[in-house]
Structure formats: structure tokens, C-alpha cells
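J.: Each chain, written out:
Number of protein chains: 4
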Amino acid sequence: SSFEYVKSYELDDTLLPNTWIVVRIDGKCFHKFAEHHNFTKPNDLRALNLMNYAAYQVMKDTHDICVAFGQSDEYSFIFNKNTAFYKRRGAKLLTTINSKFSSSYVFYWRKFFGDEILQYPPCFDGRIVLYPSAENVIDYLKWRQADVHINNLYNTAFWALVLQGNLSPGQAEKRLCGTVSADKNELLFKEFNINYNKEKEIFKRGTILLKLHVQLDVKKKTVASIIDIHEDMLKEKFWLKYENLLEPTSKKVVHYNGPITDILNDQILNREKTKCSPINIS
Amino acid sequence: SSFEYVKSYELDDTLLPNTWIVVRIDGKCFHKFAEHHNFTKPNDLRALNLMNYAAYQVMKDTHDICVAFGQSDEYSFIFNKNTAFYKRRGAKLLTTINSKFSSSYVFYWRKFFGDEILQYPPCFDGRIVLYPSAENVIDYLKWRQADVHINNLYNTAFWALVLQGNLSPGQAEKRLCGTVSADKNELLFKEFNINYNKEKEIFKRGTILLKLHVQLDVKKKTVASIIDIHEDMLKEKFWLKYENLLEPTSKKVVHYNGPITDILNDQILNREKTKCSPINIS
Amino acid sequence: SSFEYVKSYELDDTLLPNTWIVVRIDGKCFHKFAEHHNFTKPNDLRALNLMNYAAYQVMKDTHDICVAFGQSDEYSFIFNKNTAFYKRRGAKLLTTINSKFSSSYVFYWRKFFGDEILQYPPCFDGRIVLYPSAENVIDYLKWRQADVHINNLYNTAFWALVLQGNLSPGQAEKRLCGTVSADKNELLFKEFNINYNKEKEIFKRGTILLKLHVQLDVKKKTVASIIDIHEDMLKEKFWLKYENLLEPTSKKVVHYNGPITDILNDQILNREKTKCSPINIS
Amino acid sequence: SSFEYVKSYELDDTLLPNTWIVVRIDGKCFHKFAEHHNFTKPNDLRALNLMNYAAYQVMKDTHDICVAFGQSDEYSFIFNKNTAFYKRRGAKLLTTINSKFSSSYVFYWRKFFGDEILQYPPCFDGRIVLYPSAENVIDYLKWRQADVHINNLYNTAFWALVLQGNLSPGQAEKRLCGTVSADKNELLFKEFNINYNKEKEIFKRGTILLKLHVQLDVKKKTVASIIDIHEDMLKEKFWLKYENLLEPTSKKVVHYNGPITDILNDQILNREKTKCSPINIS
Ligand SMILES: Nc1nc2c(ncn2[C@H]2C[C@H](O)[C@@H](COP(=O)(O)OP(=O)(O)OP(=O)(O)O)O2)c(=O)[nH]1
Ligand SMILES: Nc1nc2c(ncn2[C@H]2C[C@H](O)[C@@H](COP(=O)(O)OP(=O)(O)OP(=O)(O)O)O2)c(=O)[nH]1
Ligand SMILES: Nc1nc2c(ncn2[C@H]2C[C@H](O)[C@@H](COP(=O)(O)OP(=O)(O)OP(=O)(O)O)O2)c(=O)[nH]1
Ligand SMILES: Nc1nc2c(ncn2[C@H]2C[C@H](O)[C@@H](COP(=O)(O)OP(=O)(O)OP(=O)(O)O)O2)c(=O)[nH]1
Ligand SMILES: O=P(O)(O)OP(=O)(O)OP(=O)(O)O
Ligand SMILES: O=P(O)(O)OP(=O)(O)OP(=O)(O)O
Ligand SMILES: O=P(O)(O)OP(=O)(O)OP(=O)(O)O
Ligand SMILES: O=P(O)(O)OP(=O)(O)OP(=O)(O)O
Ligand SMILES: [Mg+2]
Ligand SMILES: [Mg+2]
Ligand SMILES: [Mg+2]
Ligand SMILES: [Mg+2]
Ligand SMILES: [Mg+2]
Ligand SMILES: [Mg+2]
Ligand SMILES: [Mg+2]
Ligand SMILES: [Mg+2]
Ligand SMILES: [Mg+2]
Ligand SMILES: [Mg+2]
Ligand SMILES: [Mg+2]
Ligand SMILES: [Mg+2]
Numbered sequence: 155s156s157f158e159y160v161k162s163y164e165l166d167d168t169l170l171p172n173t174w175i176v177v178r179i180d181g182k183c184f185h186k187f188a189e190h191h192n193f194t195k196p197n198d199l200r201a202l203n204l205m206n207y208a209a210y211q212v213m214k215d216t217h218d219i220c221v222a223f224g225q226s227d228e229y230s231f232i233f234n235k236n237t238a239f240y241k242r243r244g245a246k247l248l249t250t251i252n253s254k255f256s257s258s259y260v261f262y263w264r265k266f267f268g269d270e271i272l273q274y275p276p277c278f279d280g281r282i283v284l285y286p287s288a289e290n291v292i293d294y295l296k297w298r299q300a301d302v303h304i305n306n307l308y309n310t311a312f313w314a315l316v317l318q319g320n321l322s323p324g325q326a327e328k329r330l331c332g333t334v335s336a337d338k339n340e341l342l343f344k345e346f347n348i349n350y351n352k353e354k355e356i357f358k359r360g361t362i363l364l365k366l367h368v369q370l371d372v373k374k375k376t377v378a379s380i381i382d383i384h385e386d387m388l389k390e391k392f393w394l395k396y397e398n399l400l401e402p403t404s405k406k407v408v409h410y411n412g413p414i415t416d417i418l419n420d421q422i423l424n425r426e427k428t429k430c431s432p433i434n435i436s
Numbered sequence: 155s156s157f158e159y160v161k162s163y164e165l166d167d168t169l170l171p172n173t174w175i176v177v178r179i180d181g182k183c184f185h186k187f188a189e190h191h192n193f194t195k196p197n198d199l200r201a202l203n204l205m206n207y208a209a210y211q212v213m214k215d216t217h218d219i220c221v222a223f224g225q226s227d228e229y230s231f232i233f234n235k236n237t238a239f240y241k242r243r244g245a246k247l248l249t250t251i252n253s254k255f256s257s258s259y260v261f262y263w264r265k266f267f268g269d270e271i272l273q274y275p276p277c278f279d280g281r282i283v284l285y286p287s288a289e290n291v292i293d294y295l296k297w298r299q300a301d302v303h304i305n306n307l308y309n310t311a312f313w314a315l316v317l318q319g320n321l322s323p324g325q326a327e328k329r330l331c332g333t334v335s336a337d338k339n340e341l342l343f344k345e346f347n348i349n350y351n352k353e354k355e356i357f358k359r360g361t362i363l364l365k366l367h368v369q370l371d372v373k374k375k376t377v378a379s380i381i382d383i384h385e386d387m388l389k390e391k392f393w394l395k396y397e398n399l400l401e402p403t404s405k406k407v408v409h410y411n412g413p414i415t416d417i418l419n420d421q422i423l424n425r426e427k428t429k430c431s432p433i434n435i436s
Numbered sequence: 155s156s157f158e159y160v161k162s163y164e165l166d167d168t169l170l171p172n173t174w175i176v177v178r179i180d181g182k183c184f185h186k187f188a189e190h191h192n193f194t195k196p197n198d199l200r201a202l203n204l205m206n207y208a209a210y211q212v213m214k215d216t217h218d219i220c221v222a223f224g225q226s227d228e229y230s231f232i233f234n235k236n237t238a239f240y241k242r243r244g245a246k247l248l249t250t251i252n253s254k255f256s257s258s259y260v261f262y263w264r265k266f267f268g269d270e271i272l273q274y275p276p277c278f279d280g281r282i283v284l285y286p287s288a289e290n291v292i293d294y295l296k297w298r299q300a301d302v303h304i305n306n307l308y309n310t311a312f313w314a315l316v317l318q319g320n321l322s323p324g325q326a327e328k329r330l331c332g333t334v335s336a337d338k339n340e341l342l343f344k345e346f347n348i349n350y351n352k353e354k355e356i357f358k359r360g361t362i363l364l365k366l367h368v369q370l371d372v373k374k375k376t377v378a379s380i381i382d383i384h385e386d387m388l389k390e391k392f393w394l395k396y397e398n399l400l401e402p403t404s405k406k407v408v409h410y411n412g413p414i415t416d417i418l419n420d421q422i423l424n425r426e427k428t429k430c431s432p433i434n435i436s
Numbered sequence: 155s156s157f158e159y160v161k162s163y164e165l166d167d168t169l170l171p172n173t174w175i176v177v178r179i180d181g182k183c184f185h186k187f188a189e190h191h192n193f194t195k196p197n198d199l200r201a202l203n204l205m206n207y208a209a210y211q212v213m214k215d216t217h218d219i220c221v222a223f224g225q226s227d228e229y230s231f232i233f234n235k236n237t238a239f240y241k242r243r244g245a246k247l248l249t250t251i252n253s254k255f256s257s258s259y260v261f262y263w264r265k266f267f268g269d270e271i272l273q274y275p276p277c278f279d280g281r282i283v284l285y286p287s288a289e290n291v292i293d294y295l296k297w298r299q300a301d302v303h304i305n306n307l308y309n310t311a312f313w314a315l316v317l318q319g320n321l322s323p324g325q326a327e328k329r330l331c332g333t334v335s336a337d338k339n340e341l342l343f344k345e346f347n348i349n350y351n352k353e354k355e356i357f358k359r360g361t362i363l364l365k366l367h368v369q370l371d372v373k374k375k376t377v378a379s380i381i382d383i384h385e386d387m388l389k390e391k392f393w394l395k396y397e398n399l400l401e402p403t404s405k406k407v408v409h410y411n412g413p414i415t416d417i418l419n420d421q422i423l424n425r426e427k428t429k430c431s432p433i434n435i436s
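Here the protein sequences line up with chains A, B, C and D, keeping their order.
Mind the numbering: the first sequence is residues 155 to 436 in the working numbering, read in order.
Mind the numbering: the second sequence is residues 155 to 436 in the working numbering, read in order.
Mind the numbering: the third sequence is residues 155 to 436 in the working numbering, read in order.
Mind the numbering: the fourth sequence is residues 155 to 436 in the working numbering, read in order.
Next up, chain A with everything else stripped away, as it sits in the complex:
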């Protein structure tokens, strides 16, 4: 038709080749969303597990995502640097990740929140950031994980003061103003008998989703799969243990003896359904 020329106004948005592509999504107004849905303060395990499960759905469907990292209302997905997913068209990559995450969040809500009814459809923003070197990507992941720690220590102290110490939010804020990490640790321990080090790892470090060749137990074969862990990426040890993490297909076989999480369980069930063929994540 004579209107088709409008298609030509769509401009090319191909992303620079040979560069790691990070897609980060973040919940819109989750301060309010958390209140409307009675999220536990400062950390709601249901909410975090739902975030992880939605991210797992995204990662399962998108071969070239090698790592993902989540905390609070945000998730970062890292594509290996040579991905040709959607020919590296920026908007396609960004929106399909963002959309799949958003619809999964609603779809799996009941699995994690049970009787707590979802009041309205949530919304996540998304962005693309490019990193030219592996060092940049590692620093990116460290940046997001350092953020968890800072926020969580503050929030743990803040809500202890408010919920157990009966301070008003304003008073709690004042009380914490100017304190360093050591002060907050001490406050938690002395006043509320909370040993911050013993807090759940998922609260202190967020969740890392990795694609690995996992050996679940001796009998079964090694299988490629996605695991959700909460280790410390700020330590060099992590990067030695999971070398080639940022490569397309890390061949490293890891013996896993952590808990069978919802994410692992889904993969085990699917494997059994398909009669023991290895989980094909590629």
C-alpha cells in the first residue's frame, strides 16, 4: 500500500560486536508494590524466590545468557560477548528479556505467594549496557553484589530498630546516620542479638544464576544445567572456581551438593519427563 513507507522510519539499532551485553531490569515503584503485597521487611523470601524463578525462565529460553544476578527488585542478564541473538538488535534483545520476565513474574506468583493475592500487574523497566572487557563485566557483577551488602546491612538494622526497637522510621534513620558497617554489626548484635554474619546468604549476597555442567550425584551423568547460588563474587576464589563463566559454553564440571532449589527441581522433573536425556540448555 501507499503507507508502507512508514516502515522505513525504523532505524537500525545493532549493538557493537564482540562486547558483553548486560540487560538489567528493575521493578517500577516496588517500594509501594512491596507494601501493597505485605512483603516481609527487610527481606521477603517469597519475593526473592519469585524473582529468581522468573529470571530462570528467561535464562532457560535464551541460550546466550551466561550469567544472571538478582537482588531486591532487579535482575541483570549477561550475554556472552559473541552472541548473535536477534542479530544483536538492541530493542529485540531488551524487550524480549523484559517481557518474558514480566509475564513470568505474574504467571508464577501463586507458586511462591500462595494465598497472598496479586493486586495488579507489576511493571519492570529495562536497559542495555555494553562492556568491552571481561574485567568490566566482573566489576559490574561485583558492583551489583556490593550494593546488596550495603543495602541489606542498613535495612536489617533499620527494620530491627523499627519493628523490634519501636523507633519511628525517622528516628531509626537518625540513629543510623553516619554509622559505618562495624557500627551496624555491633548495634544488631548488642541490641537485638542478631549476628549479621548468620543472616541468610540470599539476603546478604543476592542470587547468581549460572549455566554449568553439574554433577548432582554419583549415579547420574553430568548434565548441563542452571544453578542458583549465593556465593561471594567479591572474593577472587569465586572467579577461580567458576572460570570461563563469561564464555559461551563453560565446559567446567562442578560437583554440586547444595540444596535442591525450585530451579533445580524444575530441571530434574523435566529431565525425568523426557526420559533421562540430559538437560539440554543449549
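Please note that the accuracy of each hint is not assured.
As a list, the in silico SDA-like pairs of lysine to any residue whose alpha-carbon atoms are at most 25 Å apart [to be verified]:
| # | chain 1 | residue 1 | chain 2 | residue 2 |
| --- | --- | --- | --- | --- |
| 1 | A | K265 | B | I356 |
| 2 | B | K161 | A | E390 |
| 3 | A | K161 | B | K161 |
| 4 | C | K296 | C | Y396 |
| 5 | D | K214 | C | K395 |
| 6 | B | K328 | B | F193 |
| 7 | B | K186 | A | A238 |
| 8 | D | K338 | D | A288 |
| 9 | B | K246 | A | T415 |
| 10 | A | K195 | A | A378 |
| 11 | B | K406 | B | A288 |
Everything labelled a hint here was simulated from the structure, so no lab data went into it.
Fit chains B, C and D with the ligands to the known structure of chain A by using the hints.
T.: For chains B, C and D with the ligands alone, kept in the frame of chain A given last:
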């Protein structure tokens, strides 16, 4: 921390000012999704109404969208040319529209599909296109609506041949190959006694969502609201009737005597809840 | 060869269609360049004429530039909104304009500066700005011309105080601090007997290069050509006189009775060379 | 003024950090320019030396260019990956390099072409390409140098056939059609007694401009300077000899015993002028 420098790799993606911003989303692999969920062929009214309702949720929340148009598995949202929504940051606009639509689609699934269970989270891609002139935007809308007609006439004939005429899909395709519109109209009428002109307007023309000052009946005041209509945008009459459609706030008052759709119903209910104050869509 | 893949890293930089493209260039460190080449203060006619002549070379070679405007060490070139020059590839447009201007500035230096030797190759930066509406382009041109007036009135007063009034630059600056236009006009008139209104138009308004159908005198035919004028674009009169200025080919015939400038002279000479055929600027 | 809003239409064009920036310029229609200025066929030493000298002017002025490579009518300038030149604003980088090169080409024309008069201002296009890894940049340089060899062997054979062998251009083209390198070498040797290996290095390999710490002879101190060489970048040896070539400031001291070129001579003269202080290229 020493990792914060990675934030500086986020580049500015501000969109050109004074330009209409179109966000178009489109279902990923909806050919299969339609089969997995037993969509009626060629048109599933439940599916179209769900698309419209999800789009209405987006439009209700986003003041600067002046028109939206939907058909099949796609929806276009048009921002007025001077919108400062998210300071015109491209990724923010694109992803919040896309995310809200995706989560609404799942959230309202049951409202339209009832016992037909949603099998897995759907995914929508999204893109931004800029149009500098009103003429361009009008041509854009005509382009999308012309597309409905072409596809629908073909699909109606195709599925009549397959479902009623007992042809195989391959045979039906061959039968229609090379036919023009008049041929298909005749085929439908002569062989299947279908008068294409009497097909539902929503099938032939898709759905237009407008923000208008609507007068629902004589007693009630004029109220700003969103209406879903299926008129012919290829006719000049349409653009005279809804003049200023592409402007931020069209002041034109329209007397509406169409059906009370789900979309209108939601607005009436909300108005009653808030004790008859006019629907404030701005 | 196996290295050719590097060519694929060149990304598409097509500019939005249906939008006016403005290329503005500006001399790098011309504060110093002016000193090194003994530019008259505050305005050097040789320098301005050279700028105009270089811009004329650019405009002559580039069919789709409809207007250009120059002042001080800068020049703006305006492409009509539907130009397909270099398929609207941004870098191609930007660099060819910038390069041609830069090489012309050196090439024609002697024509305007005579014995004043060019000490080193000058450098001009360049940028592209897009404007979606004619109103935007008109405002752009008014913005640049308003700038001439503001700067020139200040500079004229400043250098009168320094060169004739024997103030130091610092003292002159202090003297002018806080003064409005009327104050500066009065100062010039009372203290230095300068009637600012009688200053050269080129100093007060810069130079506009237009592509027009010009009637030079009664005998000769109307010819398309480029004229350099110094009229007031802030007045509505200007936009009535030169209607369709921003269109690809303004058909308006203008009777020109201004001076035969270097720019007109070049066109007349070329026409005579080619035996009176009309100057074909398209 | 009320027009200033138009400035806000200038969009940010910051280039991705931590990435090598290549600016490549190329003469516009140099096929014709070469004819208009009687360039020797296939290679005009005056033209190549002028290109090199113009590139040297650019490199001297721009601290963060670590290597440049030129051949025929093109030059590539490589910025080190962490350059903050113009805050990595794309258009600024591109246009200042392009402009300085263009004006230098005209400025130094006579130094190389003597009585051969420049007929009109030449024009160069320019583009920016980003490369995320050192390997990419090395492949880029190899790509451009491989291009010299391919073109030069062809051109040498072509013009031997035309100028010495009295073939028409069409006949020469046909004669060379389908031949490989070995064929052309043999043809040159057998029919025209030309040993292609003994052709000038500058013709076979183009020119590399390096920033190095050079020791010109025993008495003088080591000085930072720019040297023009014609070595083989396709050999690994090159990259071992000039290690750290792509780093901001290569500290490697190189003993240079090549010819004193125009480029070196300019630096020696400047050093003497400024009383033997080392050439400060940073
Ligand atoms: N109570 C509670 N709140 C949470 C939890 N996880 C996230 N939130 C809430 C509290 C935080 O303020 C908010 C995340 O911070 P953001 O900086 O993303 O702010 P927010 O989403 O409100 O605004 P935004 O639209 O992202 O600018 O989400 C949780 O586990 N429990
Ligand atoms: N049966 C049925 N199918 C529909 C209906 N609406 C949309 N679809 C399906 C059939 C179409 O092939 C498909 C939309 O076409 P698209 O060009 O968007 O293709 P699809 O989504 O499969 O692939 P894509 O990921 O967009 O490239 O959606 C409907 O009402 N009934
Ligand atoms: N004496 C004299 N100076 C002039 C004339 N035209 C331009 N200039 C000089 C004085 C101005 O400071 C300078 C233009 O101002 P700009 O804002 O472009 O500054 P400049 O080029 O020095 O720095 P830039 O590299 O553009 O940031 O050029 C003239 O006719 N006579
Ligand atoms: N005779 C002669 N010609 C040369 C020499 N160096 C370059 N040229 C000419 C012949 C080549 O066709 C031309 C460079 O090739 P290009 O692919 O850049 O083509 P050209 O500049 O004509 O077109 P363009 O505007 O770049 O698309 O320059 C030389 O040393 N001697
Ligand atoms: O943490 P971010 O990246 O979301 O940073 P922000 O401060 O929320 O900024 P924005 O979402 O506006 O980019
Ligand atoms: O109709 P569109 O715009 O989705 O066009 P397409 O042919 O599906 O192409 P793509 O989705 O790859 O842009
Ligand atoms: O007048 P401009 O646009 O050159 O503005 P500026 O203040 O010189 O800024 P820049 O050249 O850095 O864009
Ligand atoms: O060699 P290049 O990169 O100039 O390639 P080209 O074929 O000349 O193409 P263009 O100049 O149009 O990018
Ligand atoms: Mg944010
Ligand atoms: Mg948030
Ligand atoms: Mg957040
Ligand atoms: Mg598509
Ligand atoms: Mg689709
Ligand atoms: Mg579709
Ligand atoms: Mg400037
Ligand atoms: Mg300047
Ligand atoms: Mg200036
Ligand atoms: Mg080219
Ligand atoms: Mg060329
Ligand atoms: Mg070339």
C-alpha cells in the same frame, strides 16, 4: 566502591524532541501460542479482547499516550509529540510499556479466557519508531489498519476452505494463490454463504483506543475517558470526526452511543467507587 | 581475507527521515587563530568574507542544502527535510561538509587575506542537529542571528573602550558589566560617536546564503543562483519575502539589486564561461 | 532568548568507554582528483608523502592517537582505548581529525607538489569504528595493509600493460581477469622486467605512523617522536618489535636508523628551535 565506574558505561538514549513516538509490541511466536491455547480460527474474540484490555491498562497509566491501535498479536502506542515521559529516555519508555502490557496479559487472562488455562508465560517484542509529522503518524495508523483487512480477508477465506470446505492447508493456500480481494469476497459468498462485509468490525479493522471527552448519556456529565472503537481510519471522515487526535489533550466532546465494553465498564465502575468524580485520565 | 570481518563493526548511522538536518561547524580556538592572523577587532571583513566564500563552495556542491547561515567562526548548513544525500548517513554528511569547508578555507585564504600569510592549517569542529518542524528550523536561524547581535554589540563597545578609550581589557569588561543593549548603544554614541545602527549589516546580522531564482537585471534571464545577504530573520517580513525557503526548490523569483559580491561574481563568471547557459545549481 | 530551546535538540553522542576508536578518512572522488593533478600511475610519491605529512599534523596535535595507517587516498587514526579526548564525543573527535587533515592537505600541497597547482579544494569523508579488543585493532590494521598489497600488485600490472605494453585499459583489465598473485608477479617480471619485490615499500605496504621513544643516534638523547615506517604488519615479528603499540604511552625505546623523512626532519628542526629540549609529543 571502586566498581561504580561501570555505571558510566550507560549511554544516553534520549529521543529527538518534537517527534511522535510510536511503541509497537508484537507477540513472539504467537502462531504456536494460538495453537497451544486453542484460539478460534481465524479470529479469537477472547484473545483480541484480552489484547485490548492489556493495552487499556497501559494507556490508563501513561498520560501521554494519545492513541493506541491493536490487531492480531500486536499493539501500537502513540505518544503525543511533546511528551516528556521519562525525559524521553528511549529504553525507559519502551520497556515500561512492554512490561506493563506483558504482565497485564497474564494478569487478565482468566477474565477473558475463563477455563482455558494459560500454559506458559507469553513474550512480546517491542520497538520504538519516531515520526516527525502528523501525516506520518496518520499514514502509520492507516498502514497497520490496512494490514488487518488484507490478512483478515485472506484468513477468513483460508479457514473457510479448511474448516468448512475440508481442504488441506496446502490446498487452501493453492486455491487462494493469485486471487484479489474481489475473488475472495465472491468465494466466501458463493461457496460458504459468508458476506464478508457483515463480519465483525473488530475482525476487519482492529481496535482503536482513544482518549476523549465522552458523553455517555444525557444525565451524566461529560467525562474524559478511553474508548475502544473499530472505525475505518482509511476514510477521511474518521480524521474529521476525531480531529486533534494526535494532540496532547483533545478537547473535543464526543457523544458515544456504542456498547459498554469491558474497557468502558471498568471506567464506570471506578468512577462510581470514587463517588462520581469524573474519570481523571490526565 | 580473514580480517575483513572488522568491516562489520561499522554500524548504521542513518538519520531519521522527513527531518531537517542542520550541520553546524565552528572554528577551533579561533580566539587564538584571530590573534595569530591579525584579525581586525571586533570584526574582520576579510575573515567573514572568507568564511562566506568557503560556505558558498560547500553549498554549490551540495544540491540539497537550501539555506546556510554564518557568523564569527561558525557556519550552519540546512538540508531540506527530504534529502537523500548519502542516503542520510550521518557521518558522511557531516564529514564531507566539514572537510570541504576546511580545505576551501585554506584554498581561498589568499583571495581574501592577500599578503597576510596563513600560519598553520585551521581546524573546524562539526555537529549534526535534527529538527522535525519548519518552525524549529526558523527558530534555529533566529537563535544564531540573535547571537550575532548580542555578541557584536558587546564586542563593538568592548573594543571601542580598549582601542579608542585606552581601557585595559579588564577595565572594559568591568565597565560593560550589567549594561543592557540601550546602555551600550548610548555609550558608543556619546563616548565614541559611533551610531551602532549604521554599523555594517554583515557585522550586525551575519550572512545568509540562499538558493533562489534571481533576476540580476532586465536584459538577462532569470537564473537560479546562490546569493549572500544580511537581512533580519527576526522580522516576520523576511519569512514572507523568502517563502518556501526551507523547501527543496523554491520557485520564487526574486529581483536582486544588491552588490555584486565575490559569490555572485563567481557565478556570473562561470555562466559566461559556459556561454550564458543558466547557472544550474540543482 | 526564546529560541534557545533549539540547542536542546543536540543529542548526546558519547562513544562507549574502554574501546579503541578508529577514525578513517578517505578522499572523495580521488579517481578524478588524481587525474586532474597528473598523479603518477599507479603510485604518486608526492601524493603519498603529502597524505603522510597531513596525517602527521593531525597526530602531532592529538595526544591520544597511538597509531595511524595510510594508503592511497585514505588514512586511519587509532585512539588508545581509554582516551578522554573531547569526553569521547563522537562528532567532535570525527570532525576535528577530518578537518585538520583536510586543511593540512591544502596547506602543505606546495611543499610536496611544487609547481603542480592545486586546482580546487579536495574533500575527505570520515567515519568512526569502535573495536573492543586489541586483537580487533590488529586485524583492522592487517586488513587495511592487506588491501594495499592486493590493489598495488593489480595496479602495477595494469599500468605496466597500459603504459608500457600499449594495451587499452579494457584490454589490460581482460588480461588480468582471473589471475592470481603469482601470475601477476610473473607477468611483471617476464614482460616488463619488473621485480615486484623490489618495488618501493611505501607502495607495497602503505605508511605506519608510530609514537615511540626513538634514539636517532648515539650522541643525542632518546626522544619521544613520531616515525613513518613501511613495515609488514601481517608478520608477527612486527607486533613483537613494537609491543604496547596500542597502549597510551609505549615506553619501549627503539633505535631508529632509517632515513630522515620530512616528518622526522620537522621534529628535529622544532627541537633545535626550542633549544634541544626533547620533542614533547604528549
Ligand atoms: N519489604 C520489602 N521491600 C522490598 C523487598 N525487595 C524490594 N523491596 C522494595 C523496597 C525498595 O525500596 C524497592 C527497590 O528499590 P528501588 O530503588 O528499585 O525503588 P522503587 O522500585 O521503589 O522505584 P523505581 O521505580 O525503581 O525508581 O523495592 C523485600 O524483600 N521486602
Ligand atoms: N487462530 C488465531 N491465531 C491468531 C490470532 N491472532 C493472532 N494469531 C496468530 C496467527 C499469526 O500467525 C500470529 C501473528 O503473526 P506474527 O507475524 O506476529 O507471527 P508470530 O507471532 O508467529 O511470529 P513472530 O515471533 O512475531 O515473528 O498470531 C487469532 O485470533 N486466532
Ligand atoms: N578579532 C576577531 N576575532 C574574531 C572574529 N571572528 C571570530 N573571532 C574570534 C573571537 C572569538 O572569541 C572566536 C569565536 O568564538 P568561539 O566561541 O567559537 O571560541 P573559540 O573558537 O576560541 O573556541 P572553540 O574552540 O570554538 O571552543 O573567534 C573577527 O572577525 N575578529
Ligand atoms: N594515479 C594515482 N591515483 C591514485 C593514487 N592514489 C589514489 N589514487 C586514486 C585512484 C583510486 O581510484 C582512488 C582511490 O580509490 P577510492 O576507492 O577511494 O575511490 P574514489 O576516491 O575515486 O571514490 P570515493 O569517493 O572514495 O568513493 O584514488 C596514486 O598514487 N596515483
Ligand atoms: O540503579 P539505577 O541504574 O536504576 O539508577 P537510578 O538511580 O534508579 O536511575 P534510573 O533508573 O533513572 O536510570
Ligand atoms: O511486522 P514487523 O515490523 O514485526 O516486521 P517483521 O517482518 O516481523 O520483522 P522484525 O520483527 O524482525 O522487525
Ligand atoms: O556554541 P556551541 O554549540 O559550540 O556550544 P559550546 O558551548 O561551544 O559547546 P560545545 O562546542 O562543547 O558543544
Ligand atoms: O572502503 P570503504 O569503507 O570506504 O567502503 P566503501 O565501499 O567505499 O563504502 P562507503 O564509503 O559507502 O562506506
Ligand atoms: Mg532506576
Ligand atoms: Mg525499582
Ligand atoms: Mg531496585
Ligand atoms: Mg516481527
Ligand atoms: Mg508475533
Ligand atoms: Mg504480529
Ligand atoms: Mg563549541
Ligand atoms: Mg570557535
Ligand atoms: Mg564560534
Ligand atoms: Mg568509501
Ligand atoms: Mg576515495
Ligand atoms: Mg580510498
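J.: Compare the structure with each hint and give your call.
T.: Against the structure, the hints:
1. Annotation: proposed proximity of K265/A to I356/B is violated, straight-line Cα distance about 36 Å (limit 25 Å).
2. Of the supplied pair hints, the one linking K161/B and E390/A holds, its CA atoms being roughly 22 Å apart against a limit of 25 Å.
3. Distance hint between K161/A and K161/B is unfulfilled; the C-alpha atoms sit about 34 Å from each other, more than 25 Å.
4. For the hint linking K296/C to Y396/C, the alpha-carbon distance of about 15 Å falls within 25 Å, and the restraint holds.
5. Of the pairs offered as hints, the one joining K214/D and K395/C is violated, with about 49 Å between alpha carbons and a cut-off of 25 Å exceeded.
6. Only pairs whose Cα atoms come within 25 Å are accepted, and K328/B paired with F193/B is accepted, the gap being roughly 24 Å.
7. The straight-line distance between the Cα atoms of K186/B and A238/A is roughly 23 Å, inside the 25 Å bound, and the hint therefore holds.
8. Straight-line distance between C-alpha atoms of K338/D and A288/D comes to about 34 Å, which puts the hinted pair past the 25 Å bound.
9. Our distance criterion of 25 Å between C-alpha atoms is broken by K246/B and T415/A, whose separation comes to about 33 Å.
10. Proposed proximity of K195/A and A378/A is contradicted: the alpha carbons are some 36 Å apart, above 25 Å.
11. With a CA separation close to 18 Å, the supplied pair K406/B and A288/B stays within the 25 Å bound.
Hints 1, 3, 5, 8, 9 and 10 from the list above are not met by this structure, while the remaining hints are.
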